[in-house]
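A.B. asks: What follows is each chain in one-letter form.
There are 4 protein chains.
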Amino acid sequence: MLETKISLNIGWGDCDPARIVFYPNYFRWFDQSTHKLFEFAGIAMGDLLDQHGGILPIVDVQASFKAPSRYGERIEISSSICEWKERTLKVLHQVHNAGVLTVEGYEMRAWVIPDESHPRGLRSQTIPEILKSAFVIK
Amino acid sequence: MLETKISLNIGWGDCDPARIVFYPNYFRWFDQSTHKLFEFAGIAMGDLLDQHGGILPIVDVQASFKAPSRYGERIEISSSICEWKERTLKVLHQVHNAGVLTVEGYEMRAWVIPDESHPRGLRSQTIPEILKSAFVIK
Amino acid sequence: MLETKISLNIGWGDCDPARIVFYPNYFRWFDQSTHKLFEFAGIAMGDLLDQHGGILPIVDVQASFKAPSRYGERIEISSSICEWKERTLKVLHQVHNAGVLTVEGYEMRAWVIPDESHPRGLRSQTIPEILKSAFVIK
Amino acid sequence: MLETKISLNIGWGDCDPARIVFYPNYFRWFDQSTHKLFEFAGIAMGDLLDQHGGILPIVDVQASFKAPSRYGERIEISSSICEWKERTLKVLHQVHNAGVLTVEGYEMRAWVIPDESHPRGLRSQTIPEILKSAFVIK
Chain V
-15 MLETKISLNI GWGDCDPARI VFYPNYFRWF DQSTHKLFEF AGIAMGDLLD QHGGILPIVD
45 VQASFKAPSR YGERIEISSS ICEWKERTLK VLHQVHNAGV LTVEGYEMRA WVIPDESHPR
105 GLRSQTIPEI LKSAFVIK
Chain X
-15 MLETKISLNI GWGDCDPARI VFYPNYFRWF DQSTHKLFEF AGIAMGDLLD QHGGILPIVD
45 VQASFKAPSR YGERIEISSS ICEWKERTLK VLHQVHNAGV LTVEGYEMRA WVIPDESHPR
105 GLRSQTIPEI LKSAFVIK
Chain W
-15 MLETKISLNI GWGDCDPARI VFYPNYFRWF DQSTHKLFEF AGIAMGDLLD QHGGILPIVD
45 VQASFKAPSR YGERIEISSS ICEWKERTLK VLHQVHNAGV LTVEGYEMRA WVIPDESHPR
105 GLRSQTIPEI LKSAFVIK
Chain D
-15 MLETKISLNI GWGDCDPARI VFYPNYFRWF DQSTHKLFEF AGIAMGDLLD QHGGILPIVD
45 VQASFKAPSR YGERIEISSS ICEWKERTLK VLHQVHNAGV LTVEGYEMRA WVIPDESHPR
105 GLRSQTIPEI LKSAFVIK
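Listed in order, the protein sequences are those of chains V, X, W and D.
At position 37 of the first sequence (counting the first as 1) the number is 21 in the working numbering, and the numbers step up by one without a gap.
At position 62 of the second sequence (counting the first as 1) the number is 46 in the working numbering, and the numbers step up by one without a gap.
At position 84 of the third sequence (counting the first as 1) the number is 68 in the working numbering, and the numbers step up by one without a gap.
At position 65 of the fourth sequence (counting the first as 1) the number is 49 in the working numbering, and the numbers step up by one without a gap.
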């Protein structure tokens, strides 16, 4: 399956008074990395609705923090889809700092389409085959 | 003229390793305070386009930082419109901490309307009288 | 056990182009709500090291997103400690919007103390009884 | 004088419901770019106090927004010190998107040293010559 890696330097403003990354920032980076993964697979997350008729909101997210990272350190985030279910997919994210796995987590996203039976309605549906196949290495 | 005040406690994640507020957060709070000011005047910033045919993007912003604030401290942000020009308005923001003025800044926003002559086009225009009058205390 | 509630209005900048809360912001609010909970129990999270000789970093976090919230909506976050283990505690967070549970998650935090046997070293330890007892309603 | 450039892709979470960058994020990037500029000059912003006895807090900041940027677009931030005064320096930041200048602003930072005559005291002082000379291209 496809995997992408992004690297970034921990910024001053990413850290809190304990001088380590303020943990919500990892989810900001997870989201960026997921977008990158989809882009690499040829799917523009910002155009999902226009091109495929649905969107992929987060339904569940989890992360384990094994070691802190600090201002100026460089981290690498590896992301891949580790699970496909009928209506959901799971993106696995692993954060390495100097070769050490420091954070591991996932985002579960559901395929939902507009449901006109009520305002702002959305309902989950089977993930289109074309989305799944984009992640298969040919 | 109308003035609004919002109060908030400085959060752990709002501060950087120097243990003071990471300055971009002040602009996040300025934006919130402007939205509150407009709401108080009866104008929903999120519905400007639908209700008044235009939007009010930021064109210029400035702030002076006189003293730092720290985790757990409570600040109060006072906001009012300090200048109306034909096509722009200026929102003045003053941040007090324990009665002391610690940050002062402004946001200049322009009234712009969609311009169909080019994609995503916008052009500035005279601010509608109805917007201005909403800020006059009756 | 103690429970705290904080209320906040969803800000313009808290939302993404899908016009719903960008999910990492919920963790920012979880963290704020945990600090509030500890403060209510008489424990200053920023002074843990000075007063109790340790800190409470996040080791695991999870959230389920049941419904989105939008700009201008008001949410309420209820937080309480739902589990004490020897070396960890779990803070349960529930986010309600107009009375409906929209997000539910937890932060697991470990009690760790400085370990001088290596630079920046920390090691987990039994949570001091004084911390636990602060959360018991007398 | 030295100049650095950083490039970044606008993230989904960097944009607001108007589908453009939420403006406080530009200051987050200004700060990152300043840190990069100092690093390039051989000065670690995080170690200023230890190595040079002072710090460089922001005293004034300003930005003009000429055109919006959107999710997925790539911007380049060029930064250099455009003014040295006895006790302050000014970092000029220019943001280009597809070759077009879209945001221009500055951060004014003051050289301050700890002042033990009162708690958390700081007082401004002449910028050390060694800092200034680090920015001269040899």
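Hints should not be assumed to be uniformly reliable.
Pairs involving identical chains hold if they fit within one copy or between any two copies, as the list cannot separate such chains.
As the list claims (entries may be wrong) - For lysine-lysine, the following DSBU-like pairs were computed, each having C-alpha atoms within a straight-line distance of at most 35 Å:
id	residue 1	residue 2
1	50	20
2	74	50
3	-11	116
4	20	-11
5	20	116
The set of hints was computed from the structure by calculation and includes no laboratory data.
A.B. asks: State the violated hints by number, sorted upward, taking the hints as numbered earlier in the document.
C.D. replies: none
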